[in-house]
Amino acid sequence: GESVGLHLPTLSVQEGDNSIINCAYSNSASDYFIWYKQESGKGPQFIIDIRSNMDKRQGQRVTVLLNKTVKHLSLQIAATQPGDSAVYFCAENSGGSNYKLTFGKGTLLTVNP
Amino acid sequence: EAGVVQSPRYKIIEKKQPVAFWCNPISGHNTLYWYLQNLGQGPELLIRYENEEAVDDSQLPKDRFSAERLKGVDSTLKIQPAELGDSAVYLCASSLGGSETQYFGPGTRLLVL
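Top line first, the protein sequences correspond to chains Z and A.
Last residue of the first sequence? That's 622 in the working numbering, and every number before it is there in order.
Last residue of the second sequence? That's 458 in the working numbering, and every number before it is there in order.
Hints in this document: simulated from the structure, not taken from any laboratory.
Computed from a predicted structure; not experimentally measured.
The beta-carbon is built from N, C-alpha and C at its ideal position, and this holds for glycine as well.
The reader is advised that the hints may include incorrect statements.
Unchecked claim - Now the stretches of chain A that chain Z is said to cover, found in silico as 3 or more residues with beta-carbon under 8 Å:
#, segment
1, 358-369
2, 436-445
What the hints assert, rightly or not - Not everything, but these chain Z residues come out facing chain A in the computed CB check (under 7 Å):
#, residue
3, L517
4, Y534
5, G552
6, P553
7, F555
8, K565
9, G605
10, Y608
11, F612
Said to hold, decoys possible - Okay, derived cross-link-like pairs now, DSBU-like style, lysine-lysine, Cα gap no bigger than 35 Å in a straight line:
#, chain 1, residue 1, chain 2, residue 2
12, A, K407, A, K423
13, Z, K551, A, K416
14, Z, K580, A, K416
15, A, K416, Z, K577
16, Z, K577, Z, K609
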């Protein structure tokens, strides 16, 4: 896999703004995608998922968009709050029926009050 | 409902020493996963259990790593002997079934000196 080291992509937004976090996935055969939020010192927390037969799914303040043509996934957070500050990971099921998650690079979201 | 429980939360050992991590999944979850997370990167799967059977251990370095889930509930991951490069966070996750959402524990932070 790719080496990220200590340098994470970062996104800094003002409280109340909308945030968009992007992810490029690797396997065109992947059929299931998930966004996780990871706060410092904690394990990843499930946010929202989407299957490949959909191109959009909405949750509470979050929307995931899937573009299979360019293998791109995005997470939109509406009215971003300081509590949204965390590292966000996308993950794809690259194992087919064996269901194996492959995580992408994380993005560090910082929300300024 | 209690989430995934892991212990210890932190462990510092000298190289060549053995170390073990314990995980208690969410009640009723048949599938259990162990992941390795290096600093600044996404989790990487080490092993996946369906009940007490290891169904995917292809990424587990079997020369020094071992895992067990004897009664299909709790699981233990062991490293013997530990090397400096094993310093990382070891995450446990569980799901109802192999194709269901994975829920992560807080992780065990290992530092090998």
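Going down the list of hints, with the structure as the test:
no.: 1; hint: 358-369; result: violated (count 0)
no.: 2; hint: 436-445; result: holds (count 4)
no.: 3; hint: L517; result: holds, 6 Å
no.: 4; hint: Y534; result: violated, 12 Å
no.: 5; hint: G552; result: holds, 4 Å
no.: 6; hint: P553; result: holds, 5 Å
no.: 7; hint: F555; result: holds, 6 Å
no.: 8; hint: K565; result: violated, 19 Å
no.: 9; hint: G605; result: violated, 10 Å
no.: 10; hint: Y608; result: holds, 5 Å
no.: 11; hint: F612; result: holds, 3 Å
no.: 12; hint: K407(A) - K423(A); result: holds, 10 Å
no.: 13; hint: K551(Z) - K416(A); result: holds, 27 Å
no.: 14; hint: K580(Z) - K416(A); result: violated, 40 Å
no.: 15; hint: K416(A) - K577(Z); result: violated, 41 Å
no.: 16; hint: K577(Z) - K609(Z); result: holds, 19 Å
Of the numbered hints given earlier, the model fails hints 1, 4, 8, 9, 14 and 15; all others are met.
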